[in-house]
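**Student:** Below, each chain spelled out in residue letters.
There are 2 protein chains.
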Amino acid sequence: MKKIVVIGGGAAGAKAASKAKRLEPENHVELYTNEDKIAYSLCGLPYYIEGSVDDINKLIVRTPQDFIDKGIPVFLNHEAQEIFPEKNCILINGNHIFYDELILALGAKVNVPKVENVHANNIFTLRSLDDGVNIKNKMLQSKSVLLVGGGYIGIELTEAFIKNGLDVKLIESKDRLASDFDDDFSKIIQDIIISKCDTHIEPYFSRKIVKFEVDEKNNFKSAITDKGDEIFADFCVLATGASPNVEVAKKSGIHIGSTGAIYVDTKMRTNYKNIYACGDCTEAYCIITRIPTYIGLGTIANKEGRVAAINATSDEYFENFDGVLKSTITRFFDYTISKTGLTYKDAINYQDRINLVPIYATITKKDKASYMPNVNDITIRIVADKRSGEILGAQGIGCKDNISQRINTIASALKSRATVDDLLHLDLPYAPPFSGSIDPILTAAYKLKEKLNK
Amino acid sequence: MKKIVVIGGGAAGAKAASKAKRLEPENHVELYTNEDKIAYSLCGLPYYIEGSVDDINKLIVRTPQDFIDKGIPVFLNHEAQEIFPEKNCILINGNHIFYDELILALGAKVNVPKVENVHANNIFTLRSLDDGVNIKNKMLQSKSVLLVGGGYIGIELTEAFIKNGLDVKLIESKDRLASDFDDDFSKIIQDIIISKCDTHIEPYFSRKIVKFEVDEKNNFKSAITDKGDEIFADFCVLATGASPNVEVAKKSGIHIGSTGAIYVDTKMRTNYKNIYACGDCTEAYCIITRIPTYIGLGTIANKEGRVAAINATSDEYFENFDGVLKSTITRFFDYTISKTGLTYKDAINYQDRINLVPIYATITKKDKASYMPNVNDITIRIVADKRSGEILGAQGIGCKDNISQRINTIASALKSRATVDDLLHLDLPYAPPFSGSIDPILTAAYKLKEKLNK
Numbered sequence: 002m003k004k005i006v007v008i009g010g011g012a013a014g015a016k017a018a019s020k021a022k023r024l025e026p027e028n029h030v031e032l033y034t035n036e037d038k039i040a041y042s043l044c045g046l047p048y049y050i051e052g053s054v055d056d057i058n059k060l061i062v063r064t065p066q067d068f069i070d071k072g073i074p075v076f077l078n079h080e081a082q083e084i085f086p087e088k089n090c091i092l093i094n095g096n097h098i099f100y101d102e103l104i105l106a107l108g109a110k111v112n113v114p115k116v117e118n119v120h121a122n123n124i125f126t127l128r129s130l131d132d133g134v135n136i137k138n139k140m141l142q143s144k145s146v147l148l149v150g151g152g153y154i155g156i157e158l159t160e161a162f163i164k165n166g167l168d169v170k171l172i173e174s175k176d177r178l179a180s181d182f183d184d185d186f187s188k189i190i191q192d193i194i195i196s197k198c199d200t201h202i203e204p205y206f207s208r209k210i211v212k213f214e215v216d217e218k219n220n221f222k223s224a225i226t227d228k229g230d231e232i233f234a235d236f237c238v239l240a241t242g243a244s245p246n247v248e249v250a251k252k253s254g255i256h257i258g259s260t261g262a263i264y265v266d267t268k269m270r271t272n273y274k275n276i277y278a279c280g281d282c283t284e285a286y287c288i289i290t291r292i293p294t295y296i297g298l299g300t301i302a303n304k305e306g307r308v309a310a311i312n313a314t315s316d317e318y319f320e321n322f323d324g325v326l327k328s329t330i331t332r333f334f335d336y337t338i339s340k341t342g343l344t345y346k347d348a349i350n351y352q353d354r355i356n357l358v359p360i361y362a363t364i365t366k367k368d369k370a371s372y373m374p375n376v377n378d379i380t381i382r383i384v385a386d387k388r389s390g391e392i393l394g395a396q397g398i399g400c401k402d403n404i405s406q407r408i409n410t411i412a413s414a415l416k417s418r419a420t421v422d423d424l425l426h427l428d429l430p431y432a433p434p435f436s437g438s439i440d441p442i443l444t445a446a447y448k449l450k451e452k453l454n455k
Numbered sequence: 002m003k004k005i006v007v008i009g010g011g012a013a014g015a016k017a018a019s020k021a022k023r024l025e026p027e028n029h030v031e032l033y034t035n036e037d038k039i040a041y042s043l044c045g046l047p048y049y050i051e052g053s054v055d056d057i058n059k060l061i062v063r064t065p066q067d068f069i070d071k072g073i074p075v076f077l078n079h080e081a082q083e084i085f086p087e088k089n090c091i092l093i094n095g096n097h098i099f100y101d102e103l104i105l106a107l108g109a110k111v112n113v114p115k116v117e118n119v120h121a122n123n124i125f126t127l128r129s130l131d132d133g134v135n136i137k138n139k140m141l142q143s144k145s146v147l148l149v150g151g152g153y154i155g156i157e158l159t160e161a162f163i164k165n166g167l168d169v170k171l172i173e174s175k176d177r178l179a180s181d182f183d184d185d186f187s188k189i190i191q192d193i194i195i196s197k198c199d200t201h202i203e204p205y206f207s208r209k210i211v212k213f214e215v216d217e218k219n220n221f222k223s224a225i226t227d228k229g230d231e232i233f234a235d236f237c238v239l240a241t242g243a244s245p246n247v248e249v250a251k252k253s254g255i256h257i258g259s260t261g262a263i264y265v266d267t268k269m270r271t272n273y274k275n276i277y278a279c280g281d282c283t284e285a286y287c288i289i290t291r292i293p294t295y296i297g298l299g300t301i302a303n304k305e306g307r308v309a310a311i312n313a314t315s316d317e318y319f320e321n322f323d324g325v326l327k328s329t330i331t332r333f334f335d336y337t338i339s340k341t342g343l344t345y346k347d348a349i350n351y352q353d354r355i356n357l358v359p360i361y362a363t364i365t366k367k368d369k370a371s372y373m374p375n376v377n378d379i380t381i382r383i384v385a386d387k388r389s390g391e392i393l394g395a396q397g398i399g400c401k402d403n404i405s406q407r408i409n410t411i412a413s414a415l416k417s418r419a420t421v422d423d424l425l426h427l428d429l430p431y432a433p434p435f436s437g438s439i440d441p442i443l444t445a446a447y448k449l450k451e452k453l454n455k
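One line per chain: the protein sequences are U and R, in this order.
Sequential numbering of the first sequence, starting at 2, is according to my numbering.
Sequential numbering of the second sequence, starting at 2, is according to my numbering.
These aren't lab readings, by the way, just hints derived from the structure by calculation.
Certain hints may be false.
Keeping only pairs whose Cα atoms sit at most 30 Å apart, straight-line, the calculated DSBU-like set for lysine-lysine is [what the hints assert, rightly or not]:
1) U/K71 - U/K197
2) U/K369 - R/K164
3) U/K452 - R/K137
4) R/K3 - U/K448
5) U/K455 - U/K346
6) R/K212 - R/K222
7) R/K251 - R/K268
8) U/K88 - U/K59
9) U/K369 - R/K38
10) U/K367 - R/K59
11) U/K401 - R/K387
12) U/K369 - R/K197
13) R/K197 - U/K366
14) R/K369 - U/K71
15) U/K175 - U/K222
16) R/K115 - R/K175
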């Protein structure tokens, strides 16, 4: 029997707590969070704002009562203040809580530009259910929005706002949308997004906000950029990414990794043997490069929470977390964009460090047998290492589910360090409604194979 | 420069001929077929009959002229009669054709039950464009059909006929539809199919036809089964599978494998060094078991044709065909069924031969985040080996594209001999419109992991 204290009620914390209890029902597991809710889906917020999800409460996956019913006490609105690793003790809301094992699932906080008036009224971030409700309410009374950030959340919110009849003014510090993709590939994505929005989007690239202007009631009025534009809108949403919550860990002597997130080994242990960390507050290893990387995603948080719980529970058996591919996907109207592993740009950045000779092939073809109805285009890029033939990553844009099918397949190949030869021998199920007899993945692999042989 | 003779104009022959020419434009490549068309899609025929494909000619992927334009002479209606391997010669339509390398892509022929009156009018098979046109024309004048065979083609034709307002009487020699799946899994599939067809399907299981009754004009009237039923319908379609065309090869001293198809090594060579075989006339190795197996599919034919062409062309460089997973997929109205690798039943059959301890996990869950619109169920079974943890295969049934995404992903894992641990660490892209934050594959993998640990 152990006392396991979990800090954080997001995907990682919720998973860690329930897994630790389930593995060893004798364990005394406690869950603390500084929020007033636990286990809700942040990823669903754009779809709530858009209208696909009609009730914000549907995004709550599990309630505190669900945990209490499993024998896990839940403490809401409890702020972790300091950890005393040598004493196996954590200070929470002024009380010293002792533990045998501590699991930190501290999550992430939104990046807020450090500029004048950023905390004015009608400037929103999107990191909680309340944020979602507030943005939606404001949207329903507005005609225009200033959206800051052209990553996935920015793209998802653009769809939500356009569908609700708003004009979107979008500021992005990079020179394009979806800048995680290779430059020319993100250009394809961007052209589709902008043409789909027609006149309802007004993009401002390569710009940073230097100041917000407010009215006499401290309401947002406009943003001033470093290029001197003044951009007006009814309200503003900051979709400028998130950073790991590490302050408590850092001041308590827990190591912070090169990415700025909490350092963990593959067993999700921090530098203290009985302090684990998981989810958005930690860094993770890239499966391909083994280089630490930072990505905050519910899927990864879930897996890490599971591994932390297993290792915190057992003294005999260890589970490893195998790492991440930074796989992502999003929908934009009928389009789907997705990536996994390294882009060509990533591979070039890493080439000296891990001895790569990156090459890539990009193909556009039909997603189904060409004679079938509702055939759509699909564009896929696969990146490989010329020397070893190993696949390094893939990017895709297409319609509806035709992309998830392909990027998932390549993510699976990447997990096993598959080569171009492995890809071109994939025996993928084929029928005319699902693919051509030569799947786009194989077409790209054949093209890569020719480049390998050159 | 070599003279390469290709026999067969299906997927394998067409691919082999064009690849051999493209690799080495100096090669003299000739293509012979006993049909009057080449390179058409058999898989598209059910969708032509159904009506999704409005013109039969759309199923023609490439015409003889396309090949002639590439410098490949095409000989239609040319029957290969005998091969003289010692003389590097093949007899075709009475002429002796000499070759340096011979590629046999002889295809398969439909299995026709050897019963009285099976060649009567209005009893059709489905193996050519003409068959497709004839069945469709007959269907459009009919109210009922007797369909023999409850495999994929039988299921696809059932959809086509029901959509066109016919009543379907279906005879299957096994005790259920989709009998390639595990018994209880095919039961799920069958229940869905039968309930979807409502009163318009009348299944007769565990029955063989012993005789067809005909009228005075030798038109099909009814079928008599071994259980004594007499089943009447306006016409009959035999969807009773296909067998490899091996007669010419066999009588010429080319080895036939244990499956009844032409034996080939992984380089697609027969027992004669300069005679290759590929496509539906050959057997293939299962990637998982390395045991020879027979499956006739366009995707595999395509890959084998490519490998045969590379090896026939080059004396220096060899390409291997890595084998098959017998991956298949089909649509039935809004449902998708698919499988890859071994079923549990297959694994049990092979367990002594290749040292397996088969286990499986079956899960049913939502295909998307539960709060999203249009959420559907997905049922997946994953089979693994308890001793090694290796994945052996998967079966799935779900809606639209939610299954292809998962079975393709597992097919990719199988190619790399992934383990249960690999599966549960897959970093699959996640967003609410595409999956829950724990993909059904991971849920099944977690369940398998528990069984592994027991």
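**Student:** Evaluate each hint against the coordinates.
**Tutor:** Verification of the supplied hints:
In summary, the hint linking U/K71 to U/K197 is not supported, as the alpha carbons are separated by about 48 Å, beyond the 30 Å threshold. Restraint check for U/K369 and R/K164: the C-alpha separation of about 21 Å stays at or below 30 Å, so the hint holds. Proximity of U/K452 to R/K137 is assessed by CA-CA distance (about 45 Å); at most 30 Å being required, the pair is judged violated. Our distance criterion of 30 Å between C-alpha atoms is met by R/K3 and U/K448, whose separation comes to about 25 Å.
Between U/K455 and U/K346 the CA atoms are separated by roughly 21 Å; this keeps the pair inside 30 Å, and the hint holds. The straight-line distance between the Cα atoms of R/K212 and R/K222 is roughly 11 Å, inside the 30 Å bound, and the hint therefore holds. The straight-line distance between the Cα atoms of R/K251 and R/K268 is roughly 20 Å, inside the 30 Å bound, and the hint therefore holds. A hinted pair counts as satisfied when its Cα atoms are at most 30 Å apart, and U/K88 with U/K59 does not qualify at roughly 41 Å.
Between the alpha carbons of U/K369 and R/K38 the distance comes to roughly 23 Å, so the proposed pair stays at or under 30 Å and holds. About 15 Å separates the Cα atoms of U/K367 and R/K59, which keeps this hinted pair within 30 Å; it holds. At most 30 Å may separate the alpha-carbon atoms for a hinted pair to count; U/K401 and R/K387 exceed this at roughly 37 Å. Taken as a hint, the U/K369 and R/K197 pair is honoured in the structure, with Cα atoms around 25 Å apart against an allowance of 30 Å.
A threshold of 30 Å between alpha carbons decides the hint, and for R/K197 with U/K366 the separation of about 33 Å lies outside it, so the pair is violated. As the CA atoms of R/K369 and U/K71 are separated by approximately 26 Å, the hinted pair is consistent with the 30 Å bound. Restraint check: the Cα-Cα separation between U/K175 and U/K222 comes to about 24 Å, which is no more than 30 Å; the hinted pair holds. Simply put, R/K115 and R/K175 have alpha-carbon atoms about 18 Å apart, close enough for the 30 Å limit, and the pair holds.
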